[in-house]
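Enquirer: Here are the chains, one letter per residue:
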Amino acid sequence: MSEFALIMLSAVLVNNFVLTKFLGICPFLGVSRKLETAVGMSLAVLFVMTLASTASWLVQQFILIPFDLMYLQTIFFILIIAVLVQFIEMLIHKSSPVLYQALGIFLPLITTNCAVLGVALLNVQQEQTFMTSALYGFGSALGFALVLLLFAGLRERIDKAPVPEAFKGSAVSLITAGLMSLAFMGFSGLVKV
Amino acid sequence: MSGLLDRFTTLLGKGAAKGAASSIELKAMIGSGGFSGGVHPKQMKITAGSPIVQSPLPPRLILPLKQHIGQICTPIVEVGERVLRGQKIAKSQGYVSAPVHAPTSGTVLAIEEHAVPHPSGMGRLCIIIEPDGKDEADESLPPITDYRAEDPGVIRERIRLSGIVGLGGAVFPTFIKMLRDHRHPVEMVILNGIECEPYLTCDHRLMLEHSAAIVRGLDIIMHAVEAQRGVIAIEDNKPDAIAAMQQALADIAFEHIEVRVLPTLYPQGSEKQLIQSVTGRQVPAGKLPLHIGVLCQNVGTTRAIHDAVCLGQPLTQRVVTVSGDAVPSPANISVRIGTPIPFVLAQCGLEDLSGVRLIHGGPMMGERLSRLNVPLVKSTNGLLAMRQEALYSENAVEEPCIRCGHCVTVCPVGLVPNELAWHCRNDQFDRGQEYDLFDCIECGCCSYVCPSHIPLVHYFRYAKGQVAKIEKERSFAELSKARSEARDNRLAHEQAERAARRSKVRKQQAGDAAGEEVSGAETSGDGKEDKA
Amino acid sequence: MNILFAVLLLGGLALLAGIVLAIASRVFHIEGDPMMERIDAVLPQTQCGQCGYPGCKPYATAVASGEVDVNKCVPGGERAMLAIADLMGVPPKEVEEEAAPPMLAYIREDECIGCTLCIKACPVDAIIGAPKQYHTVVESHCTGCTLCVEPCPVDCIDMLGKPEVLEEWTWSAPGKSRLVIEDSAEGETHVRAA
Chain A
0 MSEFALIMLS AVLVNNFVLT KFLGICPFLG VSRKLETAVG MSLAVLFVMT LASTASWLVQ
60 QFILIPFDLM YLQTIFFILI IAVLVQFIEM LIHKSSPVLY QALGIFLPLI TTNCAVLGVA
120 LLNVQQEQTF MTSALYGFGS ALGFALVLLL FAGLRERIDK APVPEAFKGS AVSLITAGLM
180 SLAFMGFSGL VKV
Chain B
0 MSGLLDRFTT LLGKGAAKGA ASSIELKAMI GSGGFSGGVH PKQMKITAGS PIVQSPLPPR
60 LILPLKQHIG QICTPIVEVG ERVLRGQKIA KSQGYVSAPV HAPTSGTVLA IEEHAVPHPS
120 GMGRLCIIIE PDGKDEADES LPPITDYRAE DPGVIRERIR LSGIVGLGGA VFPTFIKMLR
180 DHRHPVEMVI LNGIECEPYL TCDHRLMLEH SAAIVRGLDI IMHAVEAQRG VIAIEDNKPD
240 AIAAMQQALA DIAFEHIEVR VLPTLYPQGS EKQLIQSVTG RQVPAGKLPL HIGVLCQNVG
300 TTRAIHDAVC LGQPLTQRVV TVSGDAVPSP ANISVRIGTP IPFVLAQCGL EDLSGVRLIH
360 GGPMMGERLS RLNVPLVKST NGLLAMRQEA LYSENAVEEP CIRCGHCVTV CPVGLVPNEL
420 AWHCRNDQFD RGQEYDLFDC IECGCCSYVC PSHIPLVHYF RYAKGQVAKI EKERSFAELS
480 KARSEARDNR LAHEQAERAA RRSKVRKQQA GDAAGEEVSG AETSGDGKED KA
Chain C
0 MNILFAVLLL GGLALLAGIV LAIASRVFHI EGDPMMERID AVLPQTQCGQ CGYPGCKPYA
60 TAVASGEVDV NKCVPGGERA MLAIADLMGV PPKEVEEEAA PPMLAYIRED ECIGCTLCIK
120 ACPVDAIIGA PKQYHTVVES HCTGCTLCVE PCPVDCIDML GKPEVLEEWT WSAPGKSRLV
180 IEDSAEGETH VRAA
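Chains as they are written, first to last, in numbering that gives the first Met the number 0: chain A, 0 to 192; chain B, 0 to 531; chain C, 0 to 193.
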């Protein structure tokens, strides 16, 4: 049980995908302008990442390894992720057209979100079990959601704040992201193994 | 901590408002103020020792047709007509309204737009009367001496006909507050003798000089709403008023009324805050005091009710505190409603108004008048003429918020003024409403304590106005949309009908060979109709 | 042989995924255009046609399909533009034309010949009248779109500014301006922003 807790803690805080591994930066900067869209993106990523990590584990164990097709790993994983993303895209279009419009190009781009593929590949690399890989995928997505929401909240504030002209817009956002990253570095060494 | 407790009491109040015992316990926990927050501005009650003097009749009286919250009145007199004191000259239009009466006998000079005391400086329809100096009274309303023998409905009708509104400054028609609702019987009537605004002393002097009338007035209100308990709430900075009221109660031997002394704290005179101080219960957001069985009336209103019922005099004059550093001899004056403000100021020795800032009301909640030639109205409880800065500076340059949290500590409603102002400043009105913008009572505590001179209340007033404006535009847009859609439908319908008629004519003219083509045209017409 | 097997496997998996997606697209199929409705809701509904479309709904449809910019609604001004940009998820774009202050149409009734042309032009049915009778504008329904001015053969329709009334006054945002007291020509003392 403590192993599961450690995986979650590590995925969410210590080895946060965005701020310590620097994966998935593009949606992190792209859809963090408003809290509402960030919530939508977080949910979408949560869904895709969790399912992608489990599905890719299944594919890895029951297709790629038995048939010795390891060299097709990336293409298989991308196929799974793409299907999942297409599915969630339809779901969002149906349930929330405004969110669909707001996420815009970043929604299909989850396919190429390196964090999603990263989770799938890291699971294979680290030779996780089915449970741990699902948990790792879920935890990583939670970590992504956490920093995306924090960042969106900060950006909403900064958007209206009297920022010096030269720093307005992306500049101050990048500085904020950098400071957040520094803060998350502080979590390293949180758990002694 | 106390904020948390407040939330807790609010929750309790929502769940079980009847649990008086538990709320008293909680009140003991909250502390003496009853409500959290509040400030202690400098008292500046320089006129506390000046007896009320009667102002002479001005050369002309200007009576705005709306001196209350609600719909504007319509004049019922003609230009050139002679009117008597107390004669109704404008009648209520709609339910939430209060009629206007002539303050003295004289002739109607004009019914025209005139500047009124309002921060916008705009005008409004007014009846202008030239007094004839005889001050003859209209006796259409007979005095009701034995009011206890009358039906409460009769008393309330008298109050409505007398044009009485809340004289504390809110000017809400009093008879509406006194309506009986069987779901919410009034248990307690609170007489508001707090007068927490600095400078103002008119209620204080009224309690000293007209204590018997006020106590009787309270009894009238209690009879009209069939309440059993009466509380006269006075702050401990007015010991003479406390003694006078106690004496008056002893003289008349009213045992169902008690005097409650409260520690001095601004804004304790605000209705909801006072109720919390006296009963320990909070009036839930968006609800009326009536919903927790309490009715609150101001001292001046109570006296006006007494005069209307026992003397048969409609509301035609009120007591005003004229004060401020620009006034040579500050005073409490009993003035006819409609008297021009420069005339009132001249009574106190202030003739030259150049460079004077005129504040209508008290320094905390009053509004800066942009035009000086305006009449005194029912809501005027104070007139402050200032040369120096009053309590907080109006012209200080706004500096950035340093997040000291003083405004949060002093807010009597438990809001977060700094966050709220941030959203209002950035026109994020939805967010502002999430921060309970409309629960703000505009007491001015936050602006008063702000070390960065942020005009927080001004931001809240701005935001409230914008929200109302947006709402209005939205409902107009909806109306226009409905009208435009109705028009499109009608046009499509007409067109379809025309097409149908044409095809019928053609059908009659043409033989069977053309019949198929015609039916095609018919269906296309029908299709259009369906779509519309 | 091995390669053929890999291709078949991948192809089979892709086919399976395709079938799943096809079913999903059936299940999540949406009717109409919800974006258009939402955009239409933030437009001021003056039906003035200043955007180049014959009314608010056509403009909303055009914006939702992406064929026109979000900044074409003149009476809606910056607020409508920001709301639409927000809905569409596109960066805000400055409204080029400044909205005229709110106006109302007035018919000089003694000059009106009763031709009913303005009645036909009014998009919100705010003009009442009958042939050979004076027409008049229902003030509370007039959107100030000016569409009735053009068709009038005798030019008896004026667009006048909406009168400011006390009831509709609201506090302006606190600015840096200071107030100055001065005496005007009529001998009245005014306070104005400097």
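Check before you lean on any hint, since a few could be wrong.
Here chain B is said to cover these stretches of chain C; the calculated rule only asks that three of the stretch's residues, wherever they fall, bring their Cβ under 8 angstroms from a Cβ of chain B [claimed, not checked]:
1) 40–52
2) 122–132
3) 155–169
Don't read these hints as lab results, they were simulated from the structure. Using N, Cα and C, we set each Cβ at its ideal position, and we do this for glycine too.
Enquirer: Give a verdict on every hint.
Expert: We went through each hint and held it up to the structure:
1. 40–52: Answer holds; 5 residues pass the 8 angstroms Cβ test.
2. 122–132: Held - the stretch 122–132 of chain C has 4 residues with a Cβ nearer than 8 angstroms to chain B, which meets the minimum of three.
3. 155–169: It holds, with 6 qualifying residues against the three required.
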